[in-house]
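Visitor: Single-letter residue listing:
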Amino acid sequence: GAVVSQHPSRVICKSGTSVKIECRSLDFQATTMFWYRQFPKQSLMLMATSNEGSKATYEQGVEKDKFLINHASLTLSTLTVTSAHPEDSSFYICSASKAASLHEQYFGPGTRLTVT
Amino acid sequence: AQSVTQPDIHITVSEGASLELRCNYSYGATPYLFWYVQSPGQGLQLLLKYFSGDTLVQGIKGFEAEFKRSQSSFNLRKPSVHWSDAAEYFCAVASGGGADGLTFGKGTHLIIQP
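Line order of the protein sequences matches chains A and B.
The opening position of the first sequence corresponds to residue 106 in this note's numbering, with each subsequent residue numbered one higher.
The opening position of the second sequence corresponds to residue 3 in this note's numbering, with each subsequent residue numbered one higher.
Hint data in this document are derived by calculation from the structure and do not stem from the laboratory.
Predicted model only: the values in this text are computed from it and were never measured.
From the three backbone atoms N, C-alpha and C, an ideal C-beta is built for every residue, glycine too.
You may find that some hints are simply not true.
Said to hold, decoys possible - The calculated label-pair distances, taken between Cβ atoms and stated as ranges, are:
#	chain 1	residue 1	chain 2	residue 2	range
1	B	Ser-82	A	Gln-134	38 to 44 Å
2	A	Pro-113	B	Gly-55	38 to 44 Å
3	A	Gln-134	B	Gly-30	27 to 33 Å
4	A	Thr-187	B	Ala-3	27 to 33 Å
5	B	Pro-81	A	Ser-114	31 to 37 Å
6	A	Ala-204	B	Gly-43	26 to 32 Å
7	A	Lys-171	B	Ser-20	44 to 50 Å
8	A	Lys-119	B	Asp-56	49 to 55 Å
9	B	Gly-43	A	Cys-118	29 to 35 Å
10	A	Ser-110	B	Ser-82	32 to 38 Å
11	A	Gly-121	B	Pro-81	51 to 57 Å
12	A	Gly-121	B	Lys-63	40 to 46 Å
13	B	Gln-60	A	Thr-187	20 to 26 Å
As the list claims (entries may be wrong) - When the alpha-carbon atoms are kept at most 16 Å apart in a straight line, the in silico EDC-like pairs for lysine to aspartate or glutamate are as follows:
#	chain 1	residue 1	chain 2	residue 2
14	A	Lys-203	B	Asp-87
15	A	Lys-146	B	Glu-17
16	A	Lys-171	A	Glu-192
17	B	Lys-63	B	Asp-102
18	A	Lys-146	B	Glu-22
19	B	Lys-70	B	Asp-102
20	B	Lys-51	A	Glu-209
If we strip away everything but chain A, and leave its shape as in the complex, we get:
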């Protein structure tokens, strides 16, 4: 299989602090990892695409200085929400794809972020 994990599954942080979310491909090497955001009862919106060792490509309207993405290895990508505000509260989901099947994305279980 192709399993993707995320940690933590839930996190609560205070306004103004930063929080890091990890996304790991457990049994394959992920050429590309993606970060999505899902508001309650809404669809997933692509935030950014990252390739190992390269800078992430952010979608229009996503602040790269606020949502820091690091893809340091073929099995790990991290999303850091800096200076979090209540409006950053959301469900963050990562996915990963293999070099052999670029269009197949394997999704993590998501991380629920609540900023108080």
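Following the hints, complete the assembly by docking chain B onto the known chain A.
Guide: Using the frame of chain A, we list chain B on its own:
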């Protein structure tokens, strides 16, 4: 820019009845099309995908979908639903040419009546 429309926000179906979830896409070239299911508290699971070839694709859990280029549609079907099929269903499209992020529809919430 590509887009996906799922016109039905909620659908209620009796257990054992047939199901069809609608999906229309907008994309200039041949799209890569997907259906995912999301159960509460769980991640997205791929039901099926269409890249090329036979326009009727079979997926897991008894689902199938048909790609109709003339209608820009990729509707999901199941002949007989089970209570465990209650979930959120997302249609998604990816452009060709490489590893692109997916564009998702807004989702259809499926409710199963006993």
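Visitor: Take the hints in turn and mark each one as holding or not.
Guide: Okay, the hints, checked on the actual structure:
1. B/Ser-82 x A/Gln-134: 38 to 44 Å: With Cβ atoms ~40 Å apart, the hint holds.
2. A/Pro-113 x B/Gly-55: 38 to 44 Å: 41 Å, holds
3. A/Gln-134 x B/Gly-30: 27 to 33 Å: Holds: the Cβ-Cβ distance is about 32 Å, inside 27 to 33 Å.
4. A/Thr-187 x B/Ala-3: 27 to 33 Å: 28 Å, holds
5. B/Pro-81 x A/Ser-114: 31 to 37 Å: Since B/Pro-81 and A/Ser-114 have Cβ atoms about 35 Å apart, the given range 31 to 37 Å holds.
6. A/Ala-204 x B/Gly-43: 26 to 32 Å: 31 Å, holds
7. A/Lys-171 x B/Ser-20: 44 to 50 Å: With Cβ atoms ~46 Å apart, the hint holds.
8. A/Lys-119 x B/Asp-56: 49 to 55 Å: 53 Å, holds
9. B/Gly-43 x A/Cys-118: 29 to 35 Å: 20 Å, violated
10. A/Ser-110 x B/Ser-82: 32 to 38 Å: Given about 34 Å between the Cβ atoms, the range holds.
11. A/Gly-121 x B/Pro-81: 51 to 57 Å: 53 Å, holds
12. A/Gly-121 x B/Lys-63: 40 to 46 Å: 44 Å, holds
13. B/Gln-60 x A/Thr-187: 20 to 26 Å: 45 Å, violated
14. A/Lys-203 x B/Asp-87: Answer violated: A/Lys-203 to B/Asp-87 is near 28 Å, above 16 Å.
15. A/Lys-146 x B/Glu-17: 24 Å, violated
16. A/Lys-171 x A/Glu-192: Holds, at roughly 12 Å.
17. B/Lys-63 x B/Asp-102: 27 Å, violated
18. A/Lys-146 x B/Glu-22: 21 Å, violated
19. B/Lys-70 x B/Asp-102: At roughly 22 Å apart (the allowed maximum being 16 Å), B/Asp-102 and B/Lys-70 break the hint.
20. B/Lys-51 x A/Glu-209: 9 Å, holds
Violated hints, listed in ascending order, are 9, 13, 14, 15, 17, 18, 19; each of the other numbered hints is respected by the structure.
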